[in-house]
Amino acid sequence: MKQLIKHVWILLLFMGAILVVGCSGGGDTAVSPTEDDHDHEAEAEMLTLPELTAAELAGAPLKVVATTSIIGDVVAQVGGDAIDLTTLMGPGQDPHSFEPSARELTAVADAHVIFVNGWDLEEALVHDLEEIGEGVPIVPISANIEPLAFGEDDHEDEADEHEHSGADPHVWFSVANVQQWVQNVQTVFSELDPANAASYESNAAAYLAELTDLENYAETQLAQIPAENRFLVTNHDSFGYFAEAYDFTVLGTVIPGSSTLAEPSASDLTALVATMAEHNLCTIFTEVTVSDSLAKTAAGELSNCDEVQVLPLFTGAIGPSGSGADSFVGMFRANVDAIVAGLTR
4 MKQLIKHVWI
14 LLLFMGAILV
24 VGCSGGGDTA
34 VSPTEDDHDH
44 EAEAEMLTLP
54 ELTAAELAGA
64 PLKVVATTSI
74 IGDVVAQVGG
84 DAIDLTTLMG
94 PGQDPHSFEP
104 SARELTAVAD
114 AHVIFVNGWD
124 LEEALVHDLE
134 EIGEGVPIVP
144 ISANIEPLAF
154 GEDDHEDEAD
164 EHEHSGADPH
174 VWFSVANVQQ
184 WVQNVQTVFS
194 ELDPANAASY
204 ESNAAAYLAE
214 LTDLENYAET
224 QLAQIPAENR
234 FLVTNHDSFG
244 YFAEAYDFTV
254 LGTVIPGSST
264 LAEPSASDLT
274 ALVATMAEHN
284 LCTIFTEVTV
294 SDSLAKTAAG
304 ELSNCDEVQV
314 LPLFTGAIGP
324 SGSGADSFVG
334 MFRANVDAIV
344 AGLTR
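Numbering-wise (the numbering used here), the sequence shown opens with residue 4 and increments by one.
Just to be clear, a hint being listed does not mean it is correct.
To be verified - Label pairs and their calculated CB-CB ranges:
no. : residue 1 : residue 2 : range
1   : A105      : N283      : 45 to 55 Å
2   : A230      : A208      : 30 to 40 Å
3   : S306      : D87       : 49 to 59 Å
4   : A57       : A269      : 32 to 42 Å
5   : A57       : H282      : 51 to 61 Å
6   : T51       : A277      : 11 to 21 Å
7   : T300      : E59       : 50 to 60 Å
Hint data in this document are derived by calculation from the structure and do not stem from the laboratory.
Ideal placement from N, C-alpha and C gives every residue a C-beta, glycine not left out.
When you get a sec, could you build the whole thing from the sequences and use the hints?
Structure representation (structure tokens):
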């Protein structure tokens, strides 16, 4: 009963804290300038894996928690049958509006390891995971990846004058970064569960080969887009790694900044429309997990276009079962296909 009461209390804490969870959650939190400056310095640094010791499993599977459905899919590919995986956010769930269930909280408390993205993506959530997990190691799956600072990628400043700070956490929009995820997961599982190290190594090798095929597919398909069309307007600022990896420019975003919880002003949308008109761009890429109403509003103002395409992409989550995007590989292929279709007509 005492544990149940604790879980109910933590659930209430989650529901309040999750309102500030976002890709740059620290920006909306009331902190002193000194703390804020310190946080931003830390956010831009490369993350590292924690030191781990083997878990006491006694033949039982390794209990693993992953935050997002994208992380969960990658973790499952490496862990296979040797792990008991709970993914907190299901397909189609936006990390910005996620609320955990009591069952998910119990899984966190009982886990041997918790995988998070790292940097600002789950800043408020990670704090609560630390309290619930009571010493369970929390592993940033994005460790050993050189982060982009917001605005460091090829980005048109005039379409987005909102200042970003810290590291861009959306590393999964580069296949090479997800290959590093795989290596990180293999390392962690092999340290926690050395008895199954050979299985983890084999699973990782097979998945890395699949990701190499995905990278080749992306490069081949995206090569169809001519240089003068390689501009992206997206729902929010999440395609920096994609732009860098595949030679695009992020022209602007409908939602200012890096969080889907932000709201654009009328002047924001006016500036975006003007920038799109200047570049003769008539395609806006939205997100499956976020309303496209603002994008459609902006699209309606593009008088220079005979037709404006508003095309959904999979960003913060994989798609539902049967969608063709119900895995990282599937969602990435679907995004590539949508971008090619939107920029080659």
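Status of the hints after comparison with the structure:
Evaluation of the 45 to 55 Å hint for A105 and N283 yields a pass: the beta carbon distance comes to about 52 Å. The supplied range of 30 to 40 Å is met by A230 and A208, whose beta-carbon atoms lie about 36 Å from each other. Remark: the range hint 49 to 59 Å for S306 to D87 is upheld by a beta-carbon distance near 56 Å. Look at A57 against A269: about 58 Å separates their beta carbons, and that is not inside 32 to 42 Å.
Between A57 and H282 the C-beta distance comes to about 55 Å, which sits within the given range of 51 to 61 Å. For T51 and A277, the Cβ-Cβ distance of about 43 Å falls outside the hinted range of 11 to 21 Å, so the restraint is violated. Between T300 and E59 the Cβ separation comes to about 56 Å, which falls inside the hinted range of 50 to 60 Å.
This entry does not satisfy hints 4, 6, going by the numbered hints stated previously.
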